[in-house]
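**Student:** Heads up: the sequence lines are chains A and B, in that order.
If you're matching positions, the first sequence starts at 1 in the numbering used here and goes up one per residue.
If you're matching positions, the second sequence starts at 1 in the numbering used here and goes up one per residue.
There could be a bad hint or two in this list.
Claimed, not checked - Straight-line C-alpha distance at most 27 Å; calculated DSSO-like pairs for lysine-lysine:
hint: 1; chain 1: A; residue 1: Lys183; chain 2: B; residue 2: Lys64
hint: 2; chain 1: A; residue 1: Lys141; chain 2: B; residue 2: Lys64
hint: 3; chain 1: B; residue 1: Lys112; chain 2: A; residue 2: Lys64
hint: 4; chain 1: B; residue 1: Lys14; chain 2: A; residue 2: Lys126
hint: 5; chain 1: B; residue 1: Lys31; chain 2: B; residue 2: Lys14
hint: 6; chain 1: A; residue 1: Lys126; chain 2: B; residue 2: Lys183
hint: 7; chain 1: A; residue 1: Lys114; chain 2: B; residue 2: Lys183
hint: 8; chain 1: B; residue 1: Lys31; chain 2: B; residue 2: Lys48
hint: 9; chain 1: A; residue 1: Lys183; chain 2: B; residue 2: Lys126
hint: 10; chain 1: A; residue 1: Lys48; chain 2: B; residue 2: Lys48
hint: 11; chain 1: B; residue 1: Lys126; chain 2: A; residue 2: Lys112
hint: 12; chain 1: B; residue 1: Lys48; chain 2: A; residue 2: Lys64
hint: 13; chain 1: B; residue 1: Lys16; chain 2: B; residue 2: Lys183
hint: 14; chain 1: A; residue 1: Lys183; chain 2: A; residue 2: Lys136
hint: 15; chain 1: A; residue 1: Lys14; chain 2: B; residue 2: Lys126
hint: 16; chain 1: A; residue 1: Lys64; chain 2: B; residue 2: Lys183
hint: 17; chain 1: B; residue 1: Lys183; chain 2: A; residue 2: Lys3
hint: 18; chain 1: B; residue 1: Lys126; chain 2: A; residue 2: Lys136
hint: 19; chain 1: A; residue 1: Lys126; chain 2: B; residue 2: Lys48
hint: 20; chain 1: B; residue 1: Lys114; chain 2: A; residue 2: Lys64
hint: 21; chain 1: A; residue 1: Lys16; chain 2: B; residue 2: Lys183
hint: 22; chain 1: B; residue 1: Lys162; chain 2: A; residue 2: Lys48
hint: 23; chain 1: A; residue 1: Lys126; chain 2: B; residue 2: Lys3
hint: 24; chain 1: A; residue 1: Lys48; chain 2: B; residue 2: Lys16
hint: 25; chain 1: B; residue 1: Lys3; chain 2: A; residue 2: Lys136
hint: 26; chain 1: A; residue 1: Lys126; chain 2: B; residue 2: Lys141
hint: 27; chain 1: A; residue 1: Lys64; chain 2: A; residue 2: Lys14
hint: 28; chain 1: B; residue 1: Lys114; chain 2: A; residue 2: Lys183
hint: 29; chain 1: A; residue 1: Lys126; chain 2: B; residue 2: Lys97
hint: 30; chain 1: A; residue 1: Lys126; chain 2: B; residue 2: Lys136
hint: 31; chain 1: B; residue 1: Lys114; chain 2: A; residue 2: Lys126
hint: 32; chain 1: A; residue 1: Lys114; chain 2: B; residue 2: Lys136
hint: 33; chain 1: B; residue 1: Lys162; chain 2: A; residue 2: Lys64
Hints in this document: simulated from the structure, not taken from any laboratory.
Single-letter residue listing:
2 protein chains.
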Amino acid sequence: MLKELVIATANEGKYKEFQYLNSVCGNLAEKLIFAPEIANLVVEETGKTYSENAMLKAREWSMKSGLPCLADDSGLEVEALNGAPGLFSARATKGDKVQWILNQLDGIENRKAKFVASLSICVPEKFILICDGICKGQISKSPSGANGFGYDPVFIPDGFTKTFAELEPEIKNSISHRTTAFKNLLNYLPYNINA
Amino acid sequence: MLKELVIATANEGKYKEFQYLNSVCGNLAEKLIFAPEIANLVVEETGKTYSENAMLKAREWSMKSGLPCLADDSGLEVEALNGAPGLFSARATKGDKVQWILNQLDGIENRKAKFVASLSICVPEKFILICDGICKGQISKSPSGANGFGYDPVFIPDGFTKTFAELEPEIKNSISHRTTAFKNLLNYLPYNINA
């Protein structure tokens with residue numbers, strides 16, 4: 001287990017989600033630190049994959065802070081839209097993302113989609129570890145529910161009939177792409193991390 | 001230890017160096033596979049860091065082969081040249097790289113330089129691990145020696161008076177940036193890799 005881990009995001013909601021995962025899934029670190037509390041840093045997400053962007057952010061924050069850092073990148077990939085919005089899911093924030101997807105899928109039978117998350121831990125002078133998580137599901141015909149954020153109101157995970165935004169946060173957080181990636185990180189984190 | 005590991009390079013010299021490291025440093029894998037023997041794949045090195053390029057290559061080859069893959073990216077960073085040739089060390093192959101550096105440093109006292117290597121292992125559906133290695137030294141006044149390749153004839157590692165190209169390969173391979181990165185990979189490779 002790490003002593004301190006900087007959560008490399010300026011999004012407080014995401015920071016809280018990692019606090020929850022850290023307490024529920026098993027401790028990745030004794031103490032989590034919200035990045036904006038220790039430094040001011042904007043990392044350009046120039047990668048062509050989620051893994052690259054997660055790695056870039058974890059690495060830059062580690063270099064800035066000298067501490068182990070965790071970063072993530074994630075997106076929604078809709079099969080009938082050839083994987084869009086994908087890498088640009090988070091940045092396509094100008095318009096109404098949810099309505100955009102419903103419009104694009106108007107009259108289309110294939111509603112298959114998946115959330116993908118890539119998490120990266122950088123431990124300075126030691127290693128960078130990257131793990132992914134996927135949550136498969138369907139895009140609903142109309143938005144429903146008030147929990148969560150982003151595309152949650154139109155995403156129905158496989159095995160459920162409610163959207164992410166309708167499900168209890170505890171349920172969502174037990175099956176989400178970010179949870180799976182977090183568990184993978186815990187599973188593969190080198191045991192000799194302080195060696 | 002991994003059963004099979006694809007060495008994601010088309011450079012047979014580099015493949016042989018990894019075979020050597022795998023046998024001398026401790027086995028990362030039971031069997032190494034030279035990438036061109038199993039597939040034809042060119043991965044564009046679009047990253048802005050060694051780590052990104054190493055990761056991109058390991059990841060793409062893993063997706064292509066379905067097997068664990070190891071890739072590397074490395075470069076020479078000269079302090080008085082603000083870190084050049086750096087990321088472009090390998091690709092600046094058109095002219096005489098060695099002479100270019102000597103010309104650039106003509107009359108300059110500060111000869112400090114370092115070789116940097118980043119190695120990445122991608123195990124499909126599990127994780128990507130990235131480790132770095134550094135070898136510090138000086139740029140000599142003139143080229144010397146016939147071993148090795150690239151910038152070896154003008155690089156004198158700290159603690160030695162001969163260039164990498166003059167040193168016995170066994171000596172070079174005991175202190176090189178790639179060796180250090182390889183040992184770090186071995187050290188931090190998740191023990192439950194087959195979990």
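**Student:** With reference to the structure, classify each hint as holding or not holding.
**Tutor:** Hints, one by one, checked against the model:
no.	hint	result
1	A:Lys183 to B:Lys64	holds (25 Å)
2	A:Lys141 to B:Lys64	violated (35 Å)
3	B:Lys112 to A:Lys64	holds (24 Å)
4	B:Lys14 to A:Lys126	holds (23 Å)
5	B:Lys31 to B:Lys14	holds (16 Å)
6	A:Lys126 to B:Lys183	holds (11 Å)
7	A:Lys114 to B:Lys183	violated (37 Å)
8	B:Lys31 to B:Lys48	violated (31 Å)
9	A:Lys183 to B:Lys126	holds (11 Å)
10	A:Lys48 to B:Lys48	holds (11 Å)
11	B:Lys126 to A:Lys112	holds (24 Å)
12	B:Lys48 to A:Lys64	holds (17 Å)
13	B:Lys16 to B:Lys183	holds (17 Å)
14	A:Lys183 to A:Lys136	holds (17 Å)
15	A:Lys14 to B:Lys126	holds (23 Å)
16	A:Lys64 to B:Lys183	holds (25 Å)
17	B:Lys183 to A:Lys3	holds (24 Å)
18	B:Lys126 to A:Lys136	holds (18 Å)
19	A:Lys126 to B:Lys48	holds (20 Å)
20	B:Lys114 to A:Lys64	holds (21 Å)
21	A:Lys16 to B:Lys183	violated (36 Å)
22	B:Lys162 to A:Lys48	violated (42 Å)
23	A:Lys126 to B:Lys3	holds (24 Å)
24	A:Lys48 to B:Lys16	violated (31 Å)
25	B:Lys3 to A:Lys136	violated (31 Å)
26	A:Lys126 to B:Lys141	violated (34 Å)
27	A:Lys64 to A:Lys14	holds (20 Å)
28	B:Lys114 to A:Lys183	violated (37 Å)
29	A:Lys126 to B:Lys97	violated (31 Å)
30	A:Lys126 to B:Lys136	holds (18 Å)
31	B:Lys114 to A:Lys126	holds (18 Å)
32	A:Lys114 to B:Lys136	violated (46 Å)
33	B:Lys162 to A:Lys64	violated (36 Å)
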